[in-house]
Every structure is written in C-alpha cells, then in structure tokens.
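> These protein sequences, in sequence, are chains W and B.
Taking our numbering, I'd label the letters of the first sequence as residues 1 to 715.
Taking our numbering, I'd label the letters of the second sequence as residues 1001 to 1715.
Treat the hints as calculated values from the structure; they're not laboratory data.
Careful: at least some of the hints might be erroneous.
To be verified - Straight-line C-alpha distance at most 25 Å; calculated BS3-like pairs for lysine-lysine:
# : chain 1 : residue 1 : chain 2 : residue 2
1 : W       : K620      : B       : K1476
2 : W       : K611      : B       : K1476
3 : B       : K1620     : W       : K481
Said to hold, decoys possible - Stretches of chain W that chain B covers, calculated by requiring three or more beta carbons in the stretch to come under 8 Å of a beta carbon on chain B:
# : segment
4 : 217-223
5 : 285-293
Where is the CB? At the ideal position from N, CA and C, for every residue including glycine.
Protein chains: 2
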Amino acid sequence: MQRSSSSVRAGLRHGALALGIACLGIVALIWAPVARAEEGMWTMDNLPVKQLQAQYGFTPSADWIKRVTQSSARLALGCSASFVSGDGLVMTNHHCANECLSELSGADHNFMQDGYSSVSQPREPKCPAMELDRLDTISDVTPKMHAALAGKHGADYTHAQEAAESEIEKSCVGGDATTWRCDVVALYHGGRTALYRYRRYQDVRLVFAPDQNAAFFGGDPDNFNFPRYDLDVTFLRAYENGHPAHTQFFPFDAAGPKDGELVFTSGNPGSTSREAPVAQLQLLRDLELPSIFGYYSTLDGVLWEYSRGGVAPAQDAQDELFGVENSLKVFTGWLQTLADPKMLAAKQQAEDSLRKWIDANPHRKAQYGDPWATLAPSLVAERRLFTPFVMLEGTRAPRGFGGDLFGYAKMLVRGAAERAKPDADRLTEYHDAKLPALEAQLGSSAPVHPRLEQTLLAFSLTRLRQALGADDASVKTILGKQSPEELSAHLVLFTHLGDPKVRMALWKGGPAAIAKSTDPMIVLARTVEPIARGLRDQWDNQVKAPQREASEALARARFAREGTSVYPDATFTQRVSYGTVKGWDENGHQVPAFTNFAGLYDRATGSDPFKLTRPWLDAKSRLDLATRFDFASTNDIIGGNSGSPVIDAQGRAVGLIFDGNIHSLGGDFTYDGTQNRAVAVDTTALLAALKTVYRNQALADELTSGHLPGGRGKS
Amino acid sequence: MQRSSSSVRAGLRHGALALGIACLGIVALIWAPVARAEEGMWTMDNLPVKQLQAQYGFTPSADWIKRVTQSSARLALGCSASFVSGDGLVMTNHHCANECLSELSGADHNFMQDGYSSVSQPREPKCPAMELDRLDTISDVTPKMHAALAGKHGADYTHAQEAAESEIEKSCVGGDATTWRCDVVALYHGGRTALYRYRRYQDVRLVFAPDQNAAFFGGDPDNFNFPRYDLDVTFLRAYENGHPAHTQFFPFDAAGPKDGELVFTSGNPGSTSREAPVAQLQLLRDLELPSIFGYYSTLDGVLWEYSRGGVAPAQDAQDELFGVENSLKVFTGWLQTLADPKMLAAKQQAEDSLRKWIDANPHRKAQYGDPWATLAPSLVAERRLFTPFVMLEGTRAPRGFGGDLFGYAKMLVRGAAERAKPDADRLTEYHDAKLPALEAQLGSSAPVHPRLEQTLLAFSLTRLRQALGADDASVKTILGKQSPEELSAHLVLFTHLGDPKVRMALWKGGPAAIAKSTDPMIVLARTVEPIARGLRDQWDNQVKAPQREASEALARARFAREGTSVYPDATFTQRVSYGTVKGWDENGHQVPAFTNFAGLYDRATGSDPFKLTRPWLDAKSRLDLATRFDFASTNDIIGGNSGSPVIDAQGRAVGLIFDGNIHSLGGDFTYDGTQNRAVAVDTTALLAALKTVYRNQALADELTSGHLPGGRGKS
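Can you make the complete structure from the sequences, with help from the hints?
Here's what the structure looks like:
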C-alpha cells in the first residue's frame, strides 16, 4: 500500500525533517542522465512530450492538461484525490480517509470497520478535520527566490527563505486564506521554485466507504503485494457554503482499462530521494534508517499487543497501527534497496562525472563552487543532531512525545510565540497562509482516546530516555524524578487538551493564555520548547540551509549540462506519470496485470484478514465473477500517490491507485520498470461493487452520469 | 549487560544456526596478524604467556592453571559461573538466574523482584530446570576429527561429523551421563577440535539473590553503560547426592582489585565472529541482521505493552523482556560496528593477503585449494534458506513458533524420531550424551503462563506469515483457514503440554505415543516436522558443511603461515582473558574505573528503574559510602561471560563480571582496547551488601572463610 495519510506524513512532512533527506538531494538524475521509459513524476509544465509521441503517438492537448490539473486534488494531511462528478464528488482511497472514518466512529457505528453508505446527499456527515485542496494554478517564482537567497548562508539563508516564502504566499492568498491555499515549493531541491495555488475546502463530507474487510482485504500480509483483491476506495464530497461544489472532473469510464493500454496518474507523490548525493544516502542507510526502523518496529509491537485488548482498543488504535505497519514495509524496502552496492556505485559514478565536468572549466568552477565541500560539514552536523532533533523536535515517529495531546500542546505553545512575530520572521509552518489548516486541526472534534494516548506517550518517553541516555540534561529536565510511565499517566489524567474548546480558547488567548496556563501538558510543552526550538534552529541552519545551498549549485550545474529533460524529486505536489497496464515476470513466473472477483472468493478463508462480510458473501451469486478487480501498471508512483486517479488518453478515470508492488519500494531511490508496478482498483469493479454488493445505485449513477441524480446538486 | 541466559542462547545455540556465522568463520585474526595487547579469549593450553611476562612479569603456574580450570563452571543454558567455597557455593549473575527465579516465583513470593536469602543451607530451594557444568578436563581430538572428515562434502560431511562426535562423546561419558557431560567443540572453526569434559550438576539450589531493583539498578537505560551501580549477583549451591558438593574454588578477596591491577576472567564467551570472512559479515549486515533486529524490536514492543497489563503479566514476562531488550542493545551495536567501512576494509585487506600467500605457491594451492570458491555457493544457499530456516526450524527468536509449549512439542516429536536411530545417525543435539539436559528441560516444574504463551505464539505465527507470505505452501499448511490469533488460542487452550508429567509420559512413550497423540500442539509439531527437518538438512548440508570445510582449509593455511599465537573465536567454552582495571576516555571526558555506594544513592530517583528498596534506603546511614561498587577493566569478554569471576594473579576472586560498556558491543567483530571495557561488581561491595543491607552474615562468612559455618557442609 502506498504510505497512508499517517505514513505519508511520516515520510513527507516530518520525515522530511526526520530523514534529513527529502528536502536535500541534488538535481535530478545525476546517476541516470536520461529518464528511462515510463520513469518519472512529471510537472505539468514539463511533460515528457517527446517520449509520449515516440512511444504512444500521444500528444497531450492544452485542454487535456488544464482539465487534468483542475480535476486533481490532494488531502492536506497526505494522499491524493480527484473530482469525479460535477457536483463535488471526490474519489480517494479508503486508507486515505482512515482518520475521518475513525473520528466519526463511536459506540453506535464503526465507520472504519463497517463502512458507510450515505442515504442522501443532504445527510452526508462532515469529516471532523479534513482539508481537501483542489489544484488551481501553478506558477514559476524561481527568479524571486534566487534574488532573495543570493549570497546568503546558514541562519541568514534560513531567514531570507522564510521571509521570501511568506511574501509570495501572502500575496497569492490575497487576504482570503479560507478560500485559497498557496504553497511555495522548491523543485529540483531549489533549482527551481514553483507556487502552487489551491482552492481550499474544509467542509468535506463522507459519501461512501466500504467495510474495512473489503477495503483492506489481505491486510498487512497482502499489503505491497500483487495479485490483489482490494476495494480501497472512499467517496467524499467537497462543499462550498453548505452546498456541493461544482468543478472540473474526470468522467468515469465504466469499462476500465485494457491490458497494454497507455494510462496516466495525476497525483501527489510525497517524497523521493533519487537526486540525493551518495553521502546523504549512506548517512540514511547507516545511521538514520536503522534508528527509524527500530522505532517503528517496536511501536508496531506495542500497538499490536494493545489492539488485542478488546474491540474498543482495537478500534482506537486501528488507524495508527495501519500507518505504522505500512511505513514498516516501506522502510524494509529502503533497507534492502540501500544494501545493494550496485545502485550506490552507479549513483557515485554519475556524481563523479558531474564533479569532473565542473572542475574541467574554470568558469564553471567559479559559477558552481564546490557543492560537495558545502555539503560535508552539514553531514557532520546531521550525524550529531539527528537523534536529539527527532526525539525532542520531531512531531511524527520517531519522536520523544507520542500521541495527539502533546502535539496539541506544542502547537499551542509554539503557535502563540510565532504568531506574535511578523509573518516573515516566523517558521514556515506558522505563516498566516498556513494557519487555517492548523486551526482546523486544533478545533477538530475527533475523539482523543486517553488509554491510547497514555500508551503512546509512555512508549515515546521511554524511547527518548533510551536514545539520549538517562544522564542527558534534557531527559532529566523532562522526567525529573518520575518514570515515563508515571509522567504520562499524570499528564493524560490531568490535561484538558482533549477538549477542542479548551484548545481553541488557548489558541485565541495567545501568549498570555499560554504563559498562565497550569494545564500539565502545556507546562511540559513550555519546558520542552526552548530545547526543541534550539535544536530546530541548529537543524535548519547547520543542516538544511547548507544542503539546500549545495543542491541549488548542483541543480544549476546540471541544468547547464543537460537541460530540463528530467523531472524533479517528489515534493507532495501534483505530478503526472505515464505507463501501461502490464504484469511482470517474478522469478520466471508471469504475474498477470488483472485480478477478478473470482480470485477474491478463492482467497477468502473466513479468518482475518482474509474474511469477507455478509454483503460480499451474499452478492457472490449475483456478481459476474470474471469482472476485473485490481490491476498493475508501470506508472512511476510513490507514497502520497495513494488516491490518485488512473486516467486514459481521453482524460477519463479508469482506475484508482492504492498501492505499489513489493518492487516499487525501491522507488524512493531508483525506478526499475521491469518489475516496479503501481496497483489500482478497476473502475469496473468499483461500479459493480456499488451496484451489486452495496446496493448504492444513486452513487453509481452519479459516477456514470457525472452529476447528482435530479440535476446539478441542490445549490 | 552481557547477553543473559536467554540471549546467550539466542546468540549461541540457535543464533549459531540463525546468524549462520557463529560456527562458520575462518581462522583467527586474518585481519590482525597479532592479537593486540589485552585482546583475546584464550584457551587453557594456549595462554598468552609471552605477553603476560613482558607486560606484567606474570607467569601462570601449572597449579594456577589447574585451579582456575576446575573452579570454573557454566550454566548449561548460557552464562558463566564459579565455585567460591569448598562447600559447593557458586557465584553467578542475578540476570543469569532469571529463569530459576521466575520459575520459583508464585503468588506468595516473587523471587526475581523481591530477592531471596536462604535461612539455612538445608532449606535452600531447588532451581526447577538448572544445569551447572563444572569444567574437569580439556583434551585435543583434532587428529580423530580430521581423519573422520577427510575428503567428505555436503551431506556426507555432515553425517561423518555427527558420527565422529557421537563416538567421542559416548566414550568420554563412559556410560554415566548423569555425572559427566562431554562436548566436542570445533575451535578455529574446525582448525582444531577439543573435547570438554564437565562434571554435571542438575541439583542446583538457590542460596541468595538480591532484589531486582538492586541487581538491575538503572534497568534497560543503564544496561551496557558505565558508570554503573548494580549488585548483579546470585549465589547458588551445587549438590551431589543431596549434599553440598566439594570442589576446587576461588578464595574470596574481601579487598577487591586496585586501579591498574592485572586481572583475569575465566568464563565462557558465547560466540564471536572475528574470524569470519568479509562476505559472511556482509550477508549478516545486509540480510540477516536487519531481519533479526526487526523481529526483536517488535517483540520488545509486544512484551513491553503486555507487561503494562498488571503485576502478574509483568512478572510472567519479566525474564523474556529482559532477554529481548538486552539482545536488542547487542544487535544495535552490531549494526553500528558493521556500518563502519574501515573495519570491513581492514578485514578484506588481511583476507586478500592470505589469498595471495596461498596462490603464490603451487604446493600451498594444492594443499588448501580455493576456500573462497567453496564458500561462495554456501552464501547463495544461505541467502535463499535463511528466512524459511529460521522461521520454521529456529527454536529461538526470530522464529515462527514462539513460547515454550511448541518448543516442548517439537522436542518430543523430533526426540522420538531421533532416539529411534543409532546414536551416530542422530542430530547432534539428540546424542545420548545430550539427553539428560533435554530431559531436565522437559521434566521442569517451571510454570507455563497460558496468556503469555498465546501472545508469543500469535505474534510469531503472524511474523511467520509475514516473512514467508500468505501464499507460501508451509504457511497454508500450518494456518489452514485460521488466523494466527485463532490458531494460537486454540492450541494453548487445548494442549496438555503445560504439565511436566504429560511431557515425560510422551517422552518415555517414544514414537508410538507421539504417533497416536491427539494433543493439538503435538499434532502441529508433527505437521511441521517434515518441513522443518527438510530445511535443517538443507541448511546443514548446503550452508554449514561447505562453510566449515572452507574454514578448515583456511585454518590450516593460517596455522602454516602464522603459527598458533592467536586465539579461536568464542564457542561458549572456557576461556581466560587478561587485562587491567582501568577507566577510559569518552570524547575527552575521563570515565573513572570505579563507582561507589555514594554514586548509587545520588542516582536513585525513587522511580523505576532508579528506585531503591527499603533495605537499601535503611542501610544508607550504616554503609561506608566510599565503598567501591562496580568497576571497569580492559578484559576482552562477550555475551556468555556473564557471571565470570574476575580473579587476580594469586587466583583469588576480586569481582564478578556482569556487563560490558557500550563500546564492548563491537567485540563480536573486533577488539578495541582504548574503549572496550568489561564491567564487574567489586567483591568489597558484595560483602558489604550481604552484611549491611541484606544482613546475611552467614553467607558473608562462608565467602571469607571458604566453607559453610560449622565445618565442611553436612555431607
């Protein structure tokens, strides 16, 4: 499975800090001068037109490009999505909506486990904390950023970057942050900078979700494997002023794709490290990845055992456990890929060649300097800072403060201090343009589960002490005379941050409210803040700034040498991949491109995670068992692409990406088209399941007609 | 902490199979032609006399050697020990007696948590399943083994080896396996073969154990760290015919060692891989170690969360959890050491030099052949077989069948089949000479904890399916239509193997009883047996036999080139190390060699694991706080050395090894005397704690006088 919302976040937002690699690498494909056939996560203004014409005789029209752009969307916390009707209907994965489904669940109905089918559009329930961003326009702001950063280093560089981003985003949002979201994004690791403008929807409602058994049939054992039999879909609806939104959309193709057909994905790959210098990959392999892998493995064991405590604990921990197990498969794939000396040797060779090219000409040497010399001390700093930084400042695992409650406290404490500053002086994530998403999180009615909170906090504090040592000054300050178990029990018992009203009052109260709060979680966050903030500054100035500076120099050298016929590393912004529907050869055994319903029933044992619910068992006789279910294609995708539509050359939706095969796990570092496969649900299966299994004819009709039954919504 | 009984077993008995490395490497120190000062785990017949004379002016006398040999002992399941009175008093670590302390515990008294002080010798309670082996003689059987193995390969080699070992061991035991234990041990990975004869004691009783808070003060956070404040000791007594045994022993030195003093350890280092060829270390680093590390990490999380379920679950899981966390620190150290490219490069260089030396001379080429060519296909087989082998045949983690109950079932099923064969045709561990230890395990009155069993089994079956895939034929055979959770619940609920009488009846009933048993655990073990046994044969013949064959050839080449001034890799047999009591420089900060009681009280926070019990708090005013507590020395030790006595040049006990510092974790692969330190309890602290804290004057008197109060025992 592609990394879920949780794990995309791990890999993307915080992983970007944690792994110290997502935002760092160097210009595209140093190690492979030309992208191989079907390789690439392409930006809209640089589609691989020549390859498409040569290989498929296909030329994307301006209209095709515009429609693909404006029908594409993304869930702010991770995952991709698309509009599939003119009345705001949105298609994404079930596992991308885990958080909404968990949060809506209560004693009366478990939305995640049992699924949900809306009775009628007006009764669709609102997801408590979901933000959907529909792509509107993309523009190039490279010259502005280059001008702002020229000649800056270290802390000056960090500050200049934050100030320039703040100014560009503010002007783009135009004072209406409720309607628009604007993100400045460094492509080619700073070689180019783009501004992505999104229409922001914070009123997103649930239309349909299958039961978890069908959505995640095969569970963790089948995850990242193929053949596969999952209906990993959730339909949502974007609302505007209380009514369904009207937008561009991908018409639904009821026939699905054919074997060998050219197909595209339009989605938001989270992060890749294909451009990263070898020295950074070695640091990842030898220091960071083992530490991350160990943390996630242990957390997996904790949550597995926690979930065995009964129905309620299992339900509470389900989303978290899924995210952890999904990430673990990804990290296992990384470990295997990075253990391959050939891959690293090829990258090293390409890097050496670029270095020679620069050194061969005094003009070039003057222009690009020695990026590797800029990089070297940043790696020393990264090695030194990694553990304290992730444990004390990290907000996703690995971290020292687990659970949601401390996260709220930290957001409140830091948010109060940051908002008191001019926008340009703030940390990126507290710019005015970002505040609506933060407020949605703080105000979320999603339930907090105290026992789970206590478990996650006790676990992470134990890891904090383990990682830094019992004699570390920060550890002594945080724990005092208490054990992690005692401290977490006390904090969770006495904090009031589980209540969104309390959180919003503190948010609105600003620095004065924070300073006088006696809530123990706020008190702890206040204590940790100077330590964490100090580490953040060191990390930004000593690790990130020089690495981006080196990357920019390398990007410019690379452009000068090879032009822009390459794609940038993934940045959780919209990209198009192209490929064909195709199986692969697995040790001499041919894996077919498609599975069908018959295969699902063959694989069902009656025991979790191979158990079918009653509606599926009952529907067996009515379903055409030859109906295509899931399929594999050569599209180059990665975590964050979950929920991407698969579209054909006519721009119609023919499938829904939800996973990659096991060989796709090396995709963070390299693309191997012989075995790397994307995995999607066929639109044929989606329609058949809606009609025959879930008996939701209205939704099937909206998908095939492109609008709500009875006309264009009720607006 | 040195790997405990549990973890030594992981690293030694099964790890020896699992890691595919313990029994494999090549002859000593290819990569470092001469052992560095204070490096080495020396055999009694090859002590580093020249170094000792040159550096310390000390020459071990024949009497010294004999007394050290015959006062040394080992716990059969892992760990070292020593005799410290003429009346069978044995000193080892608290963590080495965990299993006994756990097994003796019940609702009325938690021996492990609360400790125990025997009221009088006749009332000492028997450890349910402990075997203590006191070293008697060591003899060289190299010529016999060479003759038996000459010209053999693959399955023939495996069979010839088992037959020769059987014959040598049988003749050594002389028909009295109750009194004698004889082990054939390949030193220098087959370059030499030695026969170790032990006096076997299966009646071992508990004399004294401190409370766990004192024995393991600082817990996992302080484990493998120094400065340290642990009283990690347990005193046992060996009985012969119901009376205390009378043996050689190490007199107790009440003054302890001095800073800079020459000290020795006599113990049983479990396994090292210092002689292993680089290709094997790479396989360990890239494939096996990440898999083992992931398994242990997840199991750590499971047991951590399990233990939070209350006092009883915590008590039941305590021994297992300790073993897992201890092993995890070791594996983390291994990952770090193997990530150092310099270490591997040095080993590669030494290996290349040996290869050139062989190739330089046609006579040598004829004599030693090409050991690397013999090795190469075995590594391909190891890569292919590793996962199925450990999951289906492994009896210690990582494994597919966790808990004790399946272990009993497997021992019964395999034991019945093996015992029906002539001794020479059996697997090594079912030779007649080994049966008494197996029977002690099967007949043990140690309690089985059903909930813990079910957890461990459900977890390991989940990992089995994860590792081999849901479509694997063995997985399908084992699980059928059930989930791991369902299967484990059924097995644990309906098996009767928790009862030692049932186990012994099946053992005595032999193949007929096994064939007709309907006990579900026996039925499962019968189902698994052909698969597991098949993998064992493939592993033995395709991996181990060629690796030992290659190692032998390399050992002979190495002897011819460099003589025997080197020590063999550790084999869980008695070795002597020498070194000095000494601190070290940690990033410019000097760590002193000794801690004292004052430091203990300073470090106590009142919260686990830094909490002192009432007797310690009460004793503070009566103790001389300047008393030396723990100390560091340069002795070269490894897991399995836990419980080794530290002795001075006069052969008196001055301390008790219980751990190494964090730098000692690289010791599996290399020894670095600048920072690698052994960690021991000072005999001064042992006596002070016995007298002043635990008020056990009788035991203190036995230690200082060398005999039980009132004369030599009651025999």
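> Each hint needs a verdict: does it hold in this structure or not?
Comparing the hints with the structure gives:
Between K620 (chain W) and K1476 (chain B) the alpha-carbon distance is near 24 Å, which keeps this suggested pair within the 25 Å criterion. At roughly 15 Å between alpha-carbon atoms, K611 (chain W) and K1476 (chain B) fall within 25 Å of each other, so this suggested pair holds. A distance of roughly 19 Å separates the Cα atoms of K1620 (chain B) and K481 (chain W); the hinted pair therefore holds under the 25 Å criterion. Restraint check on the segment 217-223 of chain W versus chain B: 4 residues with Cβ-Cβ distances below 8 Å, three needed, restraint holds.
For the segment 285-293 of chain W, the stated coverage by chain B is satisfied: 5 residues place a CB nearer than 8 Å to a CB of that chain, which reaches the threshold of 3.
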